[in-house]
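Enquirer: Residue numbers (this note's numbering), protein chains in the order written: chain A, 2 to 433; chain B, 10 to 300.
Just so you know, the hints here were simulated from the structure itself, not pulled from any lab data.
Mixed in with the good hints there might be a few duds.
[What the hints assert, rightly or not] Lysine to any residue pairs mimicking SDA-like chemistry, simulated, CA-CA at most 20 angstroms apart:
(1) A/Lys-422 - B/Thr-139
(2) A/Lys-246 - B/Ser-143
(3) A/Lys-398 - A/Ile-233
(4) A/Lys-422 - B/Val-67
(5) A/Lys-422 - B/Ile-279
(6) A/Lys-422 - B/Ala-204
(7) A/Lys-223 - A/Asp-234
(8) A/Lys-398 - B/Gln-245
(9) A/Lys-422 - B/Val-278
(10) A/Lys-398 - B/Thr-139
(11) A/Lys-278 - A/Ala-250
[To be verified] Away from chain A, derived, C-beta distances all over 12 angstroms, residues of chain B:
(12) Leu-51
(13) Val-69
(14) Leu-137
Think of the CB as a built atom: it goes at the ideal place given N, C-alpha and C, for glycine as much as any other residue.
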Amino acid sequence: MRLSRRTLLAAGLTAPLAACSTPQRRGTGGPVEITFWSALRGSQQVVDAFNSSQNRIKVIFQQIPSGGQGGYAKLSNAARAGNAPDVATIEYPQVPGYAIDGVARDITDLVTDRLKQKLLPQALKLTTFDNRVFSVPLDIEPMVLHYRADLFEANGFRIPATWDEFTELARAVKAKSPTKKLVLFPTDGAMQFACFAWQAGARWFDTSNGKWQVSLADTPTKKVAAYWQGLIDEDLVYRNASDSKQHDAQLGQDLILTRLSGAWDAGAQMRARPGQKGKWRIAPMPVWDEPVVGTHGGSTFAVTKDSAQPEAAMEFIEWQTTHPAALTARLKSGTSSQYPVAPGLVDTGAKAFPGEYYGGQDVYGLFKQEADKIRDGWVWGPRMTATQRVMQDGFAKAGAGEGTLIDAVRAAQSGTMPDLKALGLSTEEVER
Amino acid sequence: MKGKLACAVLMAPFLLLLVTVFLIPTGTAIWLSFFAQDQPGLGFGPESTVFVGVRSYVAVLSDPTFRGGLLTVVLYCLIYIPIMVIGALALALLLDSGVAKLRGWAQMGLYLPHAVPGIIAALIWLYLYTPGLSPIIDLFARGDIHLNFLGINTVLPSIVNIALWSNLGYNMVIFYAALQAVPREVLEASVVDGAGPVKQAVRIKTPLVRGAIVTVGIFTLIWALQLFTEPVLLSQSTPMISARFSPSMYIYDAAFTRNNYGLAAAASVILLAFTIALSYGVTRWTNRKAA
């Protein structure tokens, strides 16, 4: 993660070269060729399954680094050079940015009613702006509580259902074993924090008035920031980066009892720490008073402006997001636990997901229950990568004892506004 | 006629480079800073290139992260430049005084770090600064002294240290060369008048190499304002260096993370203007004092 700038630069330099080798449509008669970039694990298996399922469209897949590690820079540079792939993978927070930059094509007319009916409407709403659809969601990832069942049992801890219980539990953990902590407040986790705020009813961005209304430090966000600040001040949580050796050690040495992240992370955990097989279980995210949650992670597929074959690209996207064979291929790779946006695929997912790691728990059943609780009304902003970075700079300082979490949130807003203004967008800072 | 031709031939490479690597990029940046691909409202409509006046400039100057970066670099200059100039001058005077033994070796040893490219230098120091990797931190930890070179207040001095290590020897060589040009009879006269080695160094030699001091000062200033390589590399080991730590990093971030070329161009022009103004100010100030 910390290598991002260099890889970013490298990606920027190589992107045009890589794109030059992109094969275009062959002579008449052969299948239509489209290109597809993704950082998602298991994509190669999905592409292989698609290519062998029919002979009209041939997808040429390229695995690219994840967004933060250079994938987004690669995509932006390719689009600038006119060489973007037909289909690109974009995470939810980045969709509005790519739509504004004109990289993601307006695909409203290509999204059929048949496809729409197969997708969870909350998810499609997150990729629809100004009544226009800019990408098709693949997975939606409610935040869940991953917990160490063995350590919970040994200490007689109960699963916290509310954030108050979560605090009590954090105190109990500290009292019982001073070397351990209940959870990490990730200083590189602006997206986790966004999810906490989302759950509490925050609306960082609002487009309903035809302009970007920005209010990162609204009342629900203040509540969430004060809550975590309290845990930090009481020294009840670790405060370091989640993408770090330090955090690996905390997890590996049983120093941490829970993790708060999206449903997808169950698969990442299996891959990263095979030795902890059977020790983890998953529970719902603690709640305030309403039974609602936010999302953390999740990807969408966009057809780019450079695509010469938007219909073929859309056909591939539709297959990838709604066909059982696509999900089966991805989950069989053993590294994914994505929760599909198409409710019709949940049973397929439950069957294909290797459940031994979680002691045979019906994790997909839990994900389904949580996905139905995703709070309505959240909108991502036009430059989330940058907003996220500024916020994380503040979190790192707050973790080191300088400033507070809400200061970091305010700094993120004041570091975002000039950017939006320079893009020529209609903006307004509002107090909520 | 022949003279003019020779002049044109000799000047051509310089002019060619001036135009292609300075004037054209600067012109492009200025153009980019005044125009933008705009879509009205939420920004999802079709794009059109429009003249936006000083909008990008207002955005940059109203951005607290840019002003923070500017402040960081000013602070960096205030720490770095005095230490650099005084340190390099002191070393050059020491070598010139003849007190130092093994002058050639000392000169080479001090100059060698300058031959190491900045990015390699930063990598070497990154290794020495990173907890868990650094033998220095390990050594002190054994004596129960816990160092943190990349903490919230130590990160700027750590960058200054890398820059000093890289450039001290180079500037010392410039000062040393200037000192060599000081007329020997002046020095002899000062000895006759009773000046000791310290007095001679401070009162006689230093004023005579004033030109070199001003030159080194200005070059160091210009170089320091463009602070980029060291913090970018160190930022991989510490969250205390943000993506917009210095103005140059702000520009890079604006262009390649935020995809906001207008903003990046405006910030570049502001940094250029700031650098020119500051160098001009320093030159004027020192010339006036000389007059």
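Enquirer: Which constraints among the numbered hints does this structure fail? Numbers only, ascending.
Expert: Structure breaks hints 1, 6, 12, 13.
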